[in-house]
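Let the sequences and hints guide you as you build the complete structure.
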Amino acid sequence: MKINDIDNQIKEIAEEVLELDPEELVGDLHLADDLNVSSVIRLEFLVALERKFGVRFDSRIEGVQRISELVPMVETLLQAPKS
Amino acid sequence: MRSLRQAVVTGLGAVSPFGLGAAPLWSAVRQGRPRFDAYAPSSDDLPPLPPLLGARIEPFNAREILGRKGLRAVNYESRLLLAALLEASRAAGIDNEDYPPTRRGVFMGTRRAGLDDYVRFHVERLVWGPERVSPTRGPNTGFNAPASHAAIRYDLQGPNLTFSSRGCSSIDSIGHAADWIALGRVDLMYAGGIDCLSYPVARDRSLDAPANEPPRPYDRRRQSAVPSEGAAVLVLEDEQIARVREVEVLARVETWSTAFDPEDPARALSRCLQGVEADAVVASACGDRRHDASEACAIAQTLGEIPVCAVQGCTGDWEGASGALQLLVATHALVHQVLPPTVGFEEQDPDLPELSLRATPTSMPLRRVVATSVTPSGRASALTLVRD
Amino acid sequence: MRPPRTVVTGLGVLSSVGVGLDAFWSAVQAGTVGTGPITRFDASELRASQAGELGPLDDGAAFERQPPGRFQRATRLAVTAARAAAQDAGLDVSAVADRAGVVMGVVVANRPGLESAYSRLYEHGAGEQRLATHEVALVSEAPAIELGCRGPVMVLPTACAAGNSAIGFASDMIAAGRADVMFAGGADELSPAMFMMFAQFDSFSQDVVRPFDAQREGLILSEGSAVLVLEAEHHARARGARIYAVVGGHGNFADAHDMTHPHPDGLGARLSMQAALADADLRPCDVDYVSAHGTGTPANDAIEAKAIRDVFGAHTDVLPVSSIKSMLGHSQGAASAIESVACCLAIRDGLVPPTMNIRELDTQCPIDPVAGQVRRHRVDVALNNAFGFGGNVSCVVFARP
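Protein chains in written order, with this note's numbering: chain A, 48 to 130; chain B, 287 to 674; chain C, 133 to 533.
Some clues are possibly wrong.
Said to hold, decoys possible - Derived pair list, reagent style DSS-like, types lysine-lysine, alpha-carbon separation capped at 25 Å:
1. A/Lys-99 to B/Lys-355
2. A/Lys-49 to A/Lys-99
3. A/Lys-58 to B/Lys-355
4. A/Lys-99 to A/Lys-58
What the hints assert, rightly or not - What follows is a set of in silico ranges between Cβ atoms, one per label pair, in the way DEER data are often shown:
5. C/Ala-264 to B/Pro-310: 42 to 52 Å
6. C/Arg-202 to B/Pro-337: 45 to 55 Å
7. B/Pro-386 to C/Cys-417: 20 to 30 Å
Think of the hints as simulated: they come from the structure by calculation, not from any bench. Please read these numbers as outputs of a predicted model, since none were measured by experiment. Even glycine gets a Cβ: it sits at the ideal position worked out from N, Cα and C.
As structure tokens, this is what we get:
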């Protein structure tokens, strides 16, 4: 899957789970500070990404708050050999 | 002697199969226009259900009513409750400056809140594994979620309780809320009930021989209750503050009582009705054979020849929210001086005492209306509203 | 006319450290830790390894009028505790049936049994499990039938504040003259669903519960039940009943903040403690013991300690505050009912239960946690805290009769 596809799919899920309109999803957004996303909604978002991409985030996801950081994380997990 | 503090009803709100708002609900009940249909709640990962006769709330745009944000973590039944509560608050003209946050609270009655989410939470585990269940769903599996969401969204820092006593749940939540106002612990209470016809409830109903016709409260041919769903909220506030606010007092809570008698539910309700004075009854009869029989016996025995309306003939069975529905209808009956008809009743059951039921809305002088509730398990509750 | 006071005349308890009043209380005094590996179901998939379990349930004697096999575990726990409490109170309910009620607090109540039914439905497309046995109202109706209570019968499912909510409701029923006797408490069993929920919020400790400890990791779920017999004082005195304590008052204010996080300033906790004391007509300096909610999660304990300091000020320095959840785990709807039993026994015996497993007190929790060992200390007034998801809070004051 290309980076662009991942990015687009993450944004699609962000719109749904974070209750955002597409025009709100521009720039390098911080979930808590810019979007006022609560910790439980952040978890919901991460679970939705895991389901969508069939991946499992590890402990490195702790503290990740920027959507821009999620794209390479998902990409890395998708490239990793399935154990 | 009347105590100094009295709880009065100043606002009503509802979401029902008749639409958003207390007005369409009252209109349908007053005119006796039911809205039963065959349908089946579904669940993505569970077997489909056969269509079931019932009354269902039409899908509604929660964002439009409740605001654009913050609904993701609020489950369906809580959204219904929030919509009903918001309407009731507006109808009562509540301005947040009227009451500090710690002087306003919420008591809700429910039989099933959280059941659908509990089941879905478990099924998500089966589909996705325990690590990928929905984090927002967990807290919504609790009975207390609707009242908690209400407190969080509308900054109700005062008392917050959830009551579960089958069909009596919301008569009990409203009665106890009135007690707390009278005790001076709180000034403003949103009190009511919420229950939904979800997949697990419909599945359970489908395992009986489901009703094949609308309910017939007290009727000789009645078969069973017909499922329905709804949320109803009454604004209760301290009478003196309501007078100062110059808001219209719709009714005052006069008495509430509750009792239990597993051998004879009618006896439990009769005990609740001891000493009650009323001009009419808004009853809980839902077309269930035992339920209706107990209620008819208790009413006839204690209140004699009194006009009775069984509202769930029109709405279907609201379960834990039925008491709030009955008290909403009772309030409207007092305000409009009209007793609604009992839809579905046609033929007297020779085994039951004769009740004074109407086929059409009837104008009559009404000062006091009592809402009654009884369950085949032996619970009973009654609450009297008076319009001074 | 003053409303009648509510007194406690009977106690029944089933806990992970002991079943029965004496077993429970001696285990608490000994600092026995009742949590351990989960055995009640296969937990290999779950991100939790520990639980507080009751072991095999011997409840045949508690059921005289109904077959116990008809009921889910939470209901059976409720009946067993209610029967024990009635016996402890030496109360013949039949003499006051219409004036006697039952109120129970629960979280999940009879729902856990639905999980296997829905697994069958998901896997095989069929299953005939009915909802009737999972009805929450049974947690109060079944004890009412066993004991012959015909007054107010209620369930208050107010999350983890439920046990205290039930005691508050019961004392209101008595004060309002709606009942002379109320059996009040809480009951819950363990469920994989609650393990999944708390795991997602990373709320679990993987070894033991360490309330107020600097390195505390979280809570451990447990099961149990407790019932207190509450009576109008005149009723108890007239029959010469032994009185453990007076229910002085209770307070219930919501956090109105978040479904899963306590209010950062402990708003509901502070207001509820203050309201309970005001209801009891007592000052903060009158309190001799606080039974903390003390789940062992980082957020709860720090915020609770702060709220306690806000309420008690300098008196906090000489105020023992302990959490028996360090031994029992968190028994959900039963938790604050069991802790209420501990408060009554603390008053009776002049003993404050310890908080076990503390290695180093968190500086964020500037309270005296009675670490490691039971303490001889006269208790005339005990305050019991209970907080739940959704911001439900309930605090109850018990006082020497």
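To see whether the hints hold, each was checked on the structure:
1. A/Lys-99 to B/Lys-355: Within the cut-off at roughly 23 Å; holds.
2. A/Lys-49 to A/Lys-99: It holds: about 15 Å lies between the C-alpha atoms, which stays within 25 Å.
3. A/Lys-58 to B/Lys-355: Satisfied, since the Cα-Cα distance of roughly 17 Å is no more than 25 Å.
4. A/Lys-99 to A/Lys-58: 12 Å, holds
5. C/Ala-264 to B/Pro-310: 42 to 52 Å: At roughly 33 Å between Cβ atoms, B/Pro-310 and C/Ala-264 fall outside 42 to 52 Å, so the hint is violated.
6. C/Arg-202 to B/Pro-337: 45 to 55 Å: Given about 32 Å between the Cβ atoms, the range is violated.
7. B/Pro-386 to C/Cys-417: 20 to 30 Å: 27 Å, holds
In summary, the numbered hints that this structure violates are 5 and 6.
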